[in-house]
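There are 2 protein chains.
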Amino acid sequence: MGPANHEEHDMSQAQHLRLGIIGAGIAANDLHVPAIEKLQDKIRISAVCNRSPEKARRLAARADRLYGQETPWFTDYTELLAREDVDAVAVLLPVDLNYRVTRSAVEAGKHVLVEKPLAANLEEGRKMLKLEEDHPELVMMVAENFRYRRVYREAAGMLKSGAIGEIQHIRWDFIMQMLPETNKYARTSWRTGHSFAGGFVTDGGVHVISAMRDLFGDLSISAAEVWSTNPEIGKMDALLAQFTSSGREGISPARGTLHINYSVNGLKGMRAVIMGTRGSMIIDDVDISILKNSESMPDESLSEHRHFPDDKGYRGEYEDFLSAISGTAAPVSSITQGYKDLETILGAIELAGGGS
Amino acid sequence: MGPANHEEHDMSQAQHLRLGIIGAGIAANDLHVPAIEKLQDKIRISAVCNRSPEKARRLAARADRLYGQETPWFTDYTELLAREDVDAVAVLLPVDLNYRVTRSAVEAGKHVLVEKPLAANLEEGRKMLKLEEDHPELVMMVAENFRYRRVYREAAGMLKSGAIGEIQHIRWDFIMQMLPETNKYARTSWRTGHSFAGGFVTDGGVHVISAMRDLFGDLSISAAEVWSTNPEIGKMDALLAQFTSSGREGISPARGTLHINYSVNGLKGMRAVIMGTRGSMIIDDVDISILKNSESMPDESLSEHRHFPDDKGYRGEYEDFLSAISGTAAPVSSITQGYKDLETILGAIELAGGGS
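So the protein sequences, as listed, match chains Z and E. With the UniProt record's numbering, the residue at position 329 of the first sequence is 329, and numbering never jumps. With the UniProt record's numbering, the residue at position 280 of the second sequence is 280, and numbering never jumps.
One or more hints might be untrue.
Restraint-style ranges between C-beta atoms, simulated for each label pair [unchecked claim]:
(1) Z/Ser195 to E/Lys160: 36 to 42 angstroms
(2) E/Glu166 to Z/Lys127: 39 to 45 angstroms
(3) Z/Glu319 to E/Asp284: 38 to 44 angstroms
Among chain E residues calculated to face chain Z with C-beta under 8 angstroms, some are [unchecked claim]:
(4) Ile175
(5) Ala223
(6) Trp227
(7) Leu240
(8) Leu267
(9) Arg271
(10) Thr277
(11) Gly279
Keep in mind the hints are simulated off the structure, nothing from the lab. These figures come from a predicted structure and were not determined experimentally. C-beta atoms are modelled at their ideal positions from N, C-alpha and C, and glycine is treated no differently.
Whenever a hint applies, use it, and build me the whole structure from the sequences.
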């Protein structure tokens, strides 16, 4: 990392990273602050901003209780960015604001962790890449928590060690029934109103794609369909795509199917079935099962289960942000990776004829 | 049914149907004769034919033991077809012989039950349709046993009754690892040598397609891929296709994925996952599960399992053949249905660029 902002806050001297949070909605309260709370010795919320003063005040009060001191709050993010006691910001806003606010933040000399999907469309995604290129002195990261989930790292290790032989087929499902009555994400108008390309399909899609790309390499989509069952939650609530993965070191290329569906009852969750020539792996949220036909009795399956609980990667994400700011290593969840995730899912939607 | 052959053997008078078996291989010994043995009061094997005298003799001896009388056997099927004491034949041969032998049989005035896939290619399939049209006095049936499996009939009833609401997505997998060392079908050279279009992919594919068409209506394939992992078992051992089903009375149209794979270890069998707006149905061989999210607790699944053991439909197939010959009703597994199954799977293979 470059010198400017960086040397002021040398992590190795156990100083806190002073973090400004822009956006005090669901992502801040439910996903980010719980991770930050666990890293109190390394990170402190030093300012909070939300367009609604009530939400800003509420999150600031939570920070006050955490650190036993008063946390300034703003309704205008440029005021937060102007503060000297903010080294870095978490941009946790409706996606269509990601580019504008990130640009202001880096121009103000702040490191940035910006929520996924990276940008509202590919054009703004490319502008994000340009910002990263133009500001090598700053750490810019996409808050793609799936990149830090233990379950996928363990799965990658098992696949590389040949646990299931050559990969024959990958089937990845992200299934749920998202109803406005019971799910608060289904009530956020910038999601249901498609203020970013693809709405929920992109919102969930970048998670799936990032996990798949980390495990299997880049994906080339050969066929795709999108459709809508419940118009209450947006212009599309399902995507079905066929792909070929490029493979990675120790992991063979393979064909696969990706299915994202927000209107299914009875099944739910993130589930991957990876079929191989010597066994099959099922990743069901935080559980990995390896199934093998017994060699002497090909009709009999032997099964091994392992459980890898994680916090969905949020803590690892902040640890990576901190270590990148310390100059230890480039972040795993770079803007480039976030752009490729977005490009893949939007490419599938466009191939399906559902592009905006 | 027409008068000619028919009145000679009026089933209502409890006479036996005198059945000639042409082809004394795996299908005859493992699949058909066990069903015929259970219908001894209605059906008798009256002659047997196989190119290899040894196999013909062996099956004739089995029939001898069954009925306590000597069963004539032949190595030339035209000799079997010339016999007066053969009312109907089961054509259980390598698929590329289906059309030629079926034509000879109907020209000899015999009812025909011919093994699936109906024909070696669509051109011969159309000739089969013509034979059916030209011989309304005879019953012609495809031995598609899946049409008679209890599990699919029960599933259809449950879907029609609204058990899972509107169908959102269908995922049908037929997965196994077929190794010549452990599976005798994998050693039949007319299958591995592709003496009929598609080899194993078609051989298994028509079963899947027939079950799907019975449940969901006709399938329109929008994208498909075929590939090969183990060249020992043929030019292709996997197919992946996306489709839209037309729907049936009480069953909504839906999108779906079909995956046939003969080179996967660890997972196996015929498994359908049918996702709906009010629940999901999993058909796992002879087990049907209905999963539902609880309405008050959307994160909790309620599950109901039912078990419908069957003999894979072989007995029902012969009962249908008998009742069609008695003139009770047209057979369920008609040549027309078998042709549509074949047309669907070969269409997918051709779309995938894997046509012969």
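The hints, checked one at a time:
In this structure, Z/Ser195 and E/Lys160 meet the distance hint of 36 to 42 angstroms, their C-beta atoms being roughly 41 angstroms apart. In this structure, E/Glu166 and Z/Lys127 meet the distance hint of 39 to 45 angstroms, their C-beta atoms being roughly 41 angstroms apart. About 42 angstroms separates the C-beta atoms of Z/Glu319 and E/Asp284, a value consistent with the hinted range of 38 to 44 angstroms. Using the Cβ-Cβ criterion of 8 angstroms, the hint placing E/Ile175 at the interface with chain Z is satisfied: the shortest such distance is roughly 7 angstroms.
At a threshold of 8 angstroms, the smallest CB-CB gap from E/Ala223 to chain Z is about 3 angstroms, leaving the interface hint in force. Against a cut-off of 8 angstroms between C-beta atoms, the interface hint on E/Trp227 holds, since the closest Cβ of chain Z lies about 7 angstroms away. Below 8 angstroms, beta-carbon pairs count as interface contacts, and E/Leu240 has one with chain Z at about 6 angstroms; its hint therefore holds. The criterion of a C-beta within 8 angstroms of any C-beta in chain Z is met by E/Leu267, whose closest approach is roughly 4 angstroms, and the hint holds.
About 11 angstroms separates the beta-carbon of E/Arg271 from the nearest beta-carbon of chain Z, more than 8 angstroms, and the hint is not met. Interface restraint check: E/Thr277 against chain Z, minimum CB-CB distance 6 angstroms, threshold 8 angstroms, status holds. Among the interface hints, the one on E/Gly279 holds; its C-beta lies about 4 angstroms from the nearest C-beta in chain Z, closer than the 8 angstroms criterion.
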